[in-house]
Amino acid sequence: MHELSLAMSLVEIIEAEAARQDFHKVRSVLMEIGELSCVEVEAMRLAFEVAVRGTVAEAATLEIEITPGAARCPDCGHLAQISSHLSPCPQCGAMGLIACGGDQLRIKELEVD
Amino acid sequence: MCLTCGCGDAMDHEHGHEHGHEHGHEHGHEHGHEHGAGRLLRVEQDLLAGNARHATAVRQRLQRQRILGLNLVSSPGSGKTTLLTRTIERLNAAAQRCWVIEGDQQTSRDAERIKAAGAEAIQINTGKGCHLDAHGVGHALDALTLEAGGVLFIENVGNLVCPAMFDLGEAHKVVILSVTEGEDKPIKYPHMFAASGLMILNKIDLLPYVPFDVDACVAHAKRVNPRIDVIELSAHTGEGLDAWISWLNRERDALSALLGDEPPPPAV
Ligand SMILES: Nc1nc2c(ncn2[C@@H]2O[C@H](COP(=O)(O)OP(=O)(O)OP(=O)(O)O)[C@@H](O)[C@H]2O)c(=O)[nH]1
Ligand SMILES: [Mg+2]
Ligand SMILES: [Zn+2]
Ligand SMILES: [Zn+2]
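The listed protein sequences derive, respectively, from chains D and G.
71 is the number that our numbering gives to position 71 of the first sequence; each next residue is one higher, with no gaps.
187 is the number that our numbering gives to position 187 of the second sequence; each next residue is one higher, with no gaps.
Wrong hints could be hidden among the right ones.
Said to hold, decoys possible - From chain G, some residues computed to sit far from chain D (all C-beta separations above 12 Å):
hint : residue
1    : 44
2    : 56
3    : 60
4    : 108
5    : 143
6    : 149
7    : 243
8    : 261
To be verified - Here are the in silico distance ranges between beta carbons for each label pair:
hint : chain 1 : residue 1 : chain 2 : residue 2 : range
9    : G       : 106       : D       : 55        : 22 to 32 Å
10   : D       : 92        : G       : 106       : 41 to 51 Å
11   : D       : 74        : G       : 216       : 12 to 22 Å
Just so you know, the hints here were simulated from the structure itself, not pulled from any lab data.
We put the beta carbon where it would ideally sit given N, CA and C, even for glycine.
Could you put the whole structure together from the sequences, leaning on the hints where they help?
This is the structure:
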């Protein structure tokens, strides 16, 4: 359950922002998760519920934006959108694409009071 | 003391929110427009940024001392500790230094095995935690008497999923897969194999007794990560160990070639 330690980092970031930008309550959190990031969205939601208890984000809803993975085909050079490390090249069918994006794990926006 | 976080105490403390103000301008300007009824703030911060900061500090520290850092990852029982005890005997015989950071949820049994094999070791117990993080590794380094050159092995918690995401400041992740686990593991757990520079296929002494297709396994690993190196060995019998020791020497030489042989004099 690495999602729990990630959710705790998320709360740390929010608390630091609360002190810096002077808010006391978070209504919603917008997060970006890359499709190649090794994070289970449902596990992240559960971990978030646990991690926000007793913090300024206690009542916040979590919105998640999924970004597709990106990879370069070693055979034809095509820059492909992929959903897993196992996806073949959509252009030429080659295996073994080299991942080059889509492992983001970011907090993007907060709606606060 | 922890140079990255400034904390003065032991390895397993929790960080509060005292970190995280050195980010400069990339975060936190206000939008000005309204959304629902709350104030909308753009934050744009990486969840792993805290770990990445600690990992960078560990990496710089190891590079300064010309130490090759390796993060050993696998499912439980693949033979990480057995491989390390064997490796330590070989390195000691060649008068090469190494150190081991042992990560387990509980007990210091593996650290005891390493010490008995003749290397300095420190145990990190993660409790319920399913992976090591770079902050813990940084503090563990303080407890070791590091010298220039040599190899630092970090044996991660046995788990093929979670440790993949956490950079510990290593030069490479090394994933160990034993032939009793099935040749499809690289495609079932692709993140770990995608993140690793080397796959060690261990327990090849058992190949006569278990159905395991080595070629298919290597093909699966290359499909996930075309650049991964593969070494087949048995930590039990010692077969194939030479290739692993050569790989270690090659990587250590690559580090010296990159940074120069002599570590710079210590900062005053
Ligand atoms: N036959 C055979 N057994 C091995 C080999 N390497 C390790 N073992 C056995 O596999 C079992 C697990 O080995 P460990 O070295 O403790 O494995 P580990 O990966 O450190 O385990 P955890 O730290 O608990 O995840 C032990 O019973 C070892 O004796 C090998 O090459 N061949
Ligand atoms: Mg072990
Ligand atoms: Zn292609
Ligand atoms: Zn610290």
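(message) Need the list of violated hint numbers for this structure, in ascending order.
(response) Those not satisfied come down to hint 1.
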